[in-house]
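Position chain B relative to chain A; hints supplied.
First to last, the sequence lines map onto chains A and B.
Numbering of the first sequence is given in the working numbering, commencing with residue 56 and proceeding in unit increments.
Numbering of the second sequence is given in the working numbering, commencing with residue 56 and proceeding in unit increments.
Among these hints, one or two may not hold up.
Identical chains blur together in the list; that is why a pair holds if it fits in one copy or across any two.
Stated by the list, open to error - Distance condition first, Cα-Cα at most 30 Å in a straight line; then the derived DSSO-like pairs of lysine-lysine:
1. Lys129 x Lys270
2. Lys270 x Lys114
3. Lys253 x Lys233
4. Lys156 x Lys233
5. Lys233 x Lys114
6. Lys233 x Lys270
7. Lys239 x Lys81
8. Lys129 x Lys239
9. Lys239 x Lys212
10. Lys130 x Lys212
11. Lys249 x Lys57
12. Lys240 x Lys130
13. Lys57 x Lys233
14. Lys57 x Lys239
15. Lys233 x Lys130
16. Lys130 x Lys249
17. Lys129 x Lys253
18. Lys57 x Lys112
19. Lys233 x Lys212
Derived by calculation from the structure, the hints in this document are not laboratory data.
Number of protein chains: 2
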Amino acid sequence: MKIIELKESITASNDEDARVLREELKQNHTLLINLMASPGAGKTTFLGKTIKDVGDKIKIGIIEADIDSDVDAKKLAELGVEAVQAHTDGMCHMDAGMTRKALEELNYQNNDLVFLENVGNLICPAEFDTGAGRNVMILSVPEGDDKPLKYPLMFTKSDVLIITKIDTISVFDFDFDKCEQRAKKLNPNIQIFKVSAKTGEGMEEWEKWLSAQVKQWV
Amino acid sequence: MKIIELKESITASNDEDARVLREELKQNHTLLINLMASPGAGKTTFLGKTIKDVGDKIKIGIIEADIDSDVDAKKLAELGVEAVQAHTDGMCHMDAGMTRKALEELNYQNNDLVFLENVGNLICPAEFDTGAGRNVMILSVPEGDDKPLKYPLMFTKSDVLIITKIDTISVFDFDFDKCEQRAKKLNPNIQIFKVSAKTGEGMEEWEKWLSAQVKQWV
Numbered sequence: 056m057k058i059i060e061l062k063e064s065i066t067a068s069n070d071e072d073a074r075v076l077r078e079e080l081k082q083n084h085t086l087l088i089n090l091m092a093s094p095g096a097g098k099t100t101f102l103g104k105t106i107k108d109v110g111d112k113i114k115i116g117i118i119e120a121d122i123d124s125d126v127d128a129k130k131l132a133e134l135g136v137e138a139v140q141a142h143t144d145g146m147c148h149m150d151a152g153m154t155r156k157a158l159e160e161l162n163y164q165n166n167d168l169v170f171l172e173n174v175g176n177l178i179c180p181a182e183f184d185t186g187a188g189r190n191v192m193i194l195s196v197p198e199g200d201d202k203p204l205k206y207p208l209m210f211t212k213s214d215v216l217i218i219t220k221i222d223t224i225s226v227f228d229f230d231f232d233k234c235e236q237r238a239k240k241l242n243p244n245i246q247i248f249k250v251s252a253k254t255g256e257g258m259e260e261w262e263k264w265l266s267a268q269v270k271q272w273v
Numbered sequence: 056m057k058i059i060e061l062k063e064s065i066t067a068s069n070d071e072d073a074r075v076l077r078e079e080l081k082q083n084h085t086l087l088i089n090l091m092a093s094p095g096a097g098k099t100t101f102l103g104k105t106i107k108d109v110g111d112k113i114k115i116g117i118i119e120a121d122i123d124s125d126v127d128a129k130k131l132a133e134l135g136v137e138a139v140q141a142h143t144d145g146m147c148h149m150d151a152g153m154t155r156k157a158l159e160e161l162n163y164q165n166n167d168l169v170f171l172e173n174v175g176n177l178i179c180p181a182e183f184d185t186g187a188g189r190n191v192m193i194l195s196v197p198e199g200d201d202k203p204l205k206y207p208l209m210f211t212k213s214d215v216l217i218i219t220k221i222d223t224i225s226v227f228d229f230d231f232d233k234c235e236q237r238a239k240k241l242n243p244n245i246q247i248f249k250v251s252a253k254t255g256e257g258m259e260e261w262e263k264w265l266s267a268q269v270k271q272w273v
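Looking at chain A on its own, in the form it has when it is part of the complex (with noise of 0.2 Å):
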């Protein structure tokens, strides 16, 4: 596990570096996913979780961006898969050039499938294209159904939402049908899973999912 320290690019153009990066990394056959969620949603467990049960199948690799620490980094390198902690100086999203930096770190071109876990933030890091094939965000069920009407951009710009957590509903009032509504009034594509990485109910049609579209990119 490496860790390396980052700077916001100096670049104006974020657009057209993640346009170029998301072709090289085509090129590559390697799939990016960016994984995007408020702090404490559970972005590393349900990574861990997902390790675990497709990472004999398919060669992943792992970007922890963080302010600070490599906690998160290390829990997944134990689980034997390529990790790379990226810290970000402070800053509150990772941009392409940012994205870029780390992939280069963990030699991505030997992976099928990458996650860049991003800083955990609902609002930042829905503004800036790190290059990534696919956008993915978590909505833990402690954080309530009503996160769509006000973290709209987050929702739009993701292709799949996951909420997690699910197994803890019971001491929480969470409307899946509320907030299914809410995020598919903002995004009429976008795939909803329901999922508990600590019990595992509902990550096999997670991992369906992911399986085909690593299957698709490459």
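Below, chain B without anything else, positioned relative to chain A:
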């Protein structure tokens, strides 16, 4: 309840604007508390419970800062307090100029205490002084005890850490001692309260602290 549309201040001197605003608030005997947290940490529920408990003794005004929607301001206005919904035009935080505009809409001079419920974000709001007299952050049990490691600036800048949703402890792995040690390592003076706005547990201690701050400020 009013809704206002805000844009980021043009001035580069946010620190100076914040200092001047804080001084004005002091002269007007109004304590402004900047409440920060992740999306879904329970800021609005916590504020609602606080208003119910002490709203007859302290004259409270509310600024709800959100990228979009007015669900939070509506909820709190129903409790009989004056509430302004501030839309941040996509911005991930409030600065001193935006806060001043919202305070003017609220006619803040009528209140002993104004809560600014900042945009749900554990990163960017910590970087901008709003002019508040006290910074209070919320961390909810479902988010996990490792957050001080990953979002250190927020813990450094906060005078108070409220650990919320303690009624859900049975379904989460959350080590209160570890969390407190990590927070105090970053900020030895941080005051910590453990509460459940749902059951009311721990609210009294927080409200005692709050009442003392208002008296001291006025």
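Hint by hint, here is what the structure shows:
1. Lys129 x Lys270: Close inside one copy (28 Å), not across copies (47 Å); limit 30 Å.
2. Lys270 x Lys114: within (12 Å within a copy, 61 Å between copies)
3. Lys253 x Lys233: both (24 Å within a copy, 22 Å between copies)
4. Lys156 x Lys233: neither (40 Å within a copy, 34 Å between copies)
5. Lys233 x Lys114: Answer is neither; intra-copy 36 Å and inter-copy 35 Å both fail.
6. Lys233 x Lys270: neither (33 Å within a copy, 43 Å between copies)
7. Lys239 x Lys81: within (28 Å within a copy, 46 Å between copies)
8. Lys129 x Lys239: between (36 Å within a copy, 24 Å between copies)
9. Lys239 x Lys212: within (12 Å within a copy, 37 Å between copies)
10. Lys130 x Lys212: Cα proximity of Lys130 and Lys212: in one copy and across copies (28 Å, 28 Å).
11. Lys249 x Lys57: neither (32 Å within a copy, 36 Å between copies)
12. Lys240 x Lys130: between (36 Å within a copy, 23 Å between copies)
13. Lys57 x Lys233: Answer is between; shortest inter-copy Cα gap is 26 Å, intra-copy 42 Å.
14. Lys57 x Lys239: between (39 Å within a copy, 28 Å between copies)
15. Lys233 x Lys130: So Lys233 and Lys130 pass the 30 Å test across copies only (18 Å; inside, 34 Å).
16. Lys130 x Lys249: both (23 Å within a copy, 28 Å between copies)
17. Lys129 x Lys253: within (19 Å within a copy, 36 Å between copies)
18. Lys57 x Lys112: within (24 Å within a copy, 55 Å between copies)
19. Lys233 x Lys212: This pair counts as within: shortest intra-copy Cα distance 19 Å, inter-copy 36 Å.
Of the numbered hints listed earlier, those contradicted by the structure are 4, 5, 6, 11.
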